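Line by line, the protein sequences give chains A and B. Just so we're aligned: the first sequence equals residues 1 to 393 in the numbering used here. Just so we're aligned: the second sequence equals residues 1 to 393 in the numbering used here.
Worth flagging that the hints you see were computed from the coordinates, not collected in a lab. Bear in mind that the values here come from a model prediction, so they are computed numbers and not experimental data. Check each hint, because a few of them may be wrong.
Which copy is meant is left open, so a pair is good if it fits within one copy or across any two.
[Said to hold, decoys possible] Restricting the straight-line Cα-Cα distance to at most 20 Å, the calculated cross-link-like pairs of lysine to any residue (SDA-like) are:
no.	residue 1	residue 2
1	K296	T316
2	K141	G123
3	K37	R344
4	K296	P262
5	K343	S388
6	K141	E264
7	K37	P79
8	K141	E74
9	K296	L149
10	K343	R58
11	K391	Q221
12	K343	Q333
Protein chains: 2
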Amino acid sequence: MDSTLSAPLPRPLAHRSSVDPFIVMDVMGEANAREAKGEDIIHMEVGQPATPAPRAARERAQAALANDRLGYTEALGLPSLRERIALDYGERYGVSVPPERVVVTAGSSAGFVLAFLALLAPGDALMLPSPGYPCYRHILKVLGARALLVATGQEARWMPTEGDVERLAGEGVAGLLVASPNNPTGTMAVGGRLHELARACRRLGLWLVSDEIYHGLDYDQPAETALAFWDAAIVVNSFSKYFSMTGWRVGWLVVPEGLVRPIERLAQNLYISPPAISQHAALGAFDAIEELEAIKSVYAANRALLLHELPGAGLTDILPADGAFYLYADVSQYTADSASFAKRMLKEIGVAITPGIDFDPERGHRFVRLSYAGAPTAMREACRRIRSWIKAK
Amino acid sequence: MDSTLSAPLPRPLAHRSSVDPFIVMDVMGEANAREAKGEDIIHMEVGQPATPAPRAARERAQAALANDRLGYTEALGLPSLRERIALDYGERYGVSVPPERVVVTAGSSAGFVLAFLALLAPGDALMLPSPGYPCYRHILKVLGARALLVATGQEARWMPTEGDVERLAGEGVAGLLVASPNNPTGTMAVGGRLHELARACRRLGLWLVSDEIYHGLDYDQPAETALAFWDAAIVVNSFSKYFSMTGWRVGWLVVPEGLVRPIERLAQNLYISPPAISQHAALGAFDAIEELEAIKSVYAANRALLLHELPGAGLTDILPADGAFYLYADVSQYTADSASFAKRMLKEIGVAITPGIDFDPERGHRFVRLSYAGAPTAMREACRRIRSWIKAK
């Protein structure tokens, strides 16, 4: 055998493999490793429910396991699931969406890859909210497109404004991505903001990609879909968050008619089809609204608990989140390096949180994100540990 | 609502969305639509087993459904599955692979995307066998890399040769992809060919990507892994074919140590993690060898049946396949346009096959691919229908 244990590479790797890590996944890896060694870890790092898929989804998966071959589905997804998702737009938002415009994807991750490939030529830029989900900019970089970060502020609830879009639009800028509720801040586009942004994009000839993955998880007022304001908006959504199905890797896009076939061709080649059993389970998820609303009420209680307790624990500067299950806290009174702050917190008191630099390369060193998707007892214990830890500093 | 039913797009789509379709998926869509209308269709178009995942895999999925939250896993996959796959290299090939070099992926589709992104800068070329799996060249195009087609011939069992690699290597050519057994031809690199190719790549400073997705499905002699000849080879594999788990979307890569972290970063951002339930099921698949060998014996019988019957039915020019579940037949005595030949065959006698142009843009108009992964009765009936249809021409 002509080999050695660590073979030298025949040539250098391509530069795009040097993309930044999705830091939250690294934190989760470290937290899991500590847990495996017997440490008592509270997970506030990853944006995922502590609950499994709802019962009706698991029952559909059971039935599919028993009765279905679970081979490839159509690249655009099971027709029955596309229909069910389309129906939901009528029921939930009062917006009419034909099933033909729904594309089932392997999670919202695949949704972003497909949408970005279809919309952006190499070198094109997409405006992204900052702070925002880090994979937006990393996927863009990997695909040879550019992220044009829109620095948002607390005063605008961490949302881009019509003025931002007008100021930044120009040569090579192909569109705007907006997420409401936003990750990591949990804030929403309220007061007509989403309508304004859609209008600006239409006027300026820009794509509007609306990340609606946290829809359903709203505590004050219902989140609006961009489709209510513009049929040419591209909506990205998923069964991961409200439907509590992260590891199933199933989500969807709603796209204008002219994008369906281009996206189908991309999906055929890059994914073949989304996982079959997950698509069957997702069909069941729509029958589980009672169970899902009960889960959501736990998040609401966690949110109230944290907003009440964290200021006393020393995290005083937090904008109340309108949705999702995140709080974004300014920790600049304790550190100028939120990454090492988070690392020490994990090591010293077993509370895993995510440093803001994952979400905002410019200002994130002052912030941390806390996910409150866990169990209420864990949230309470986290507050206790953080309080003593910060007091001891 | 400021919208219309088919909204005009705000700007043109990106050129890369014009990638060719994966034609076999379009044929499957057409075949399924006819079936849904009550037509009696024999599926010889898609490369997927007619069997579900083996019992032990389904039992693991059941257990995971009952006992596991099925959240995100590590981006590189469940550690237990990475270990089990690594172990298989010792058991099956006598090659030592540490688990750290195994990357679980969402099917081989994700494996190709991750490998191509890590290895190829925009503009770099990868040598591909032609005929070959069409998504290789389509994925390369989407990612801004180039496909350098190596026209192979029957006399070399449709495999590239060392001479091809030497002739084509040069500026901007980053590596070679080889698939043994190959799709669509079913032929294998035998007689030391894979060792030769590995040696040539190493000597010339080229990546070697070895698509081993049809391993396990070999009828004459066992397929060799490129890892037996070179530890720096990148192996792509999947649970879809031998393990009969197409729709589960779970596969793996084996990569040299220096690629693990770059690929992990790409996977975190582009996929988050492979589907959790599919990874659990895959663990069970390794306990199902008896069942899988029984399925394989059906393919062997189908292969023998088709090689015996098809010449009498008029498809005389077929190279006996060494592996996989495909035959690649020259139909130039009947047509100069295999796409319309296949379309007519589906419409007129309900036998779905794939035109060669999916696999070889240059010469494929003379060929068709027949998949024999279906039930033996269906194969026999297909031969009967094809015979009468060709006789009537």
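Okay, the hints, checked on the actual structure:
In this assembly of identical chains, the alpha carbons of K296 and T316 never lie at most 20 Å apart, being 25 Å within a copy and 64 Å across copies at closest. Taking the shortest alpha-carbon separations for K141 and G123, both the intra-copy value of 9 Å and the inter-copy value of 16 Å come in at or below 20 Å. Taking the shortest Cα distances, K37 and R344 sit within 20 Å of each other inside one copy (17 Å), while across copies they are farther apart (63 Å). For the identical chains of this complex, K296 and P262 are neighbours neither inside a copy (36 Å) nor across copies (37 Å), given an alpha-carbon limit of 20 Å.
Proximity of K343 and S388 under a CA criterion of 20 Å is satisfied intra-copy only: 17 Å inside one chain copy versus 72 Å between copies. In the homo-oligomer, the alpha carbons of K141 and E264 lie at most 20 Å apart only across protomers (16 Å), although the nearest pairing inside one protomer, at 23 Å, exceeds that limit. In the homo-oligomer, the alpha carbons of K37 and P79 lie at most 20 Å apart only across protomers (15 Å), although the nearest pairing inside one protomer, at 45 Å, exceeds that limit. In the homo-oligomer, the alpha carbons of K141 and E74 never lie at most 20 Å apart, since the shortest distance is 29 Å inside one protomer and 22 Å across protomers.
In this assembly of identical chains, the alpha carbons of K296 and L149 never lie at most 20 Å apart, being 31 Å within a copy and 53 Å across copies at closest. Taking identical chains as interchangeable, the C-alpha atoms of K343 and R58 are never at most 20 Å apart, the minima being 36 Å within one chain and 39 Å between chains. For the identical chains of this complex, K391 and Q221 are neighbours neither inside a copy (36 Å) nor across copies (69 Å), given an alpha-carbon limit of 20 Å. Taking CA atoms no more than 20 Å apart as the test, K343 paired with Q333 passes inside one copy only; the shortest distance there is 17 Å, against 69 Å between copies.
Consistency with the previously given hints fails for numbers 1, 4, 8, 9, 10, 11, ordered from lowest to highest.
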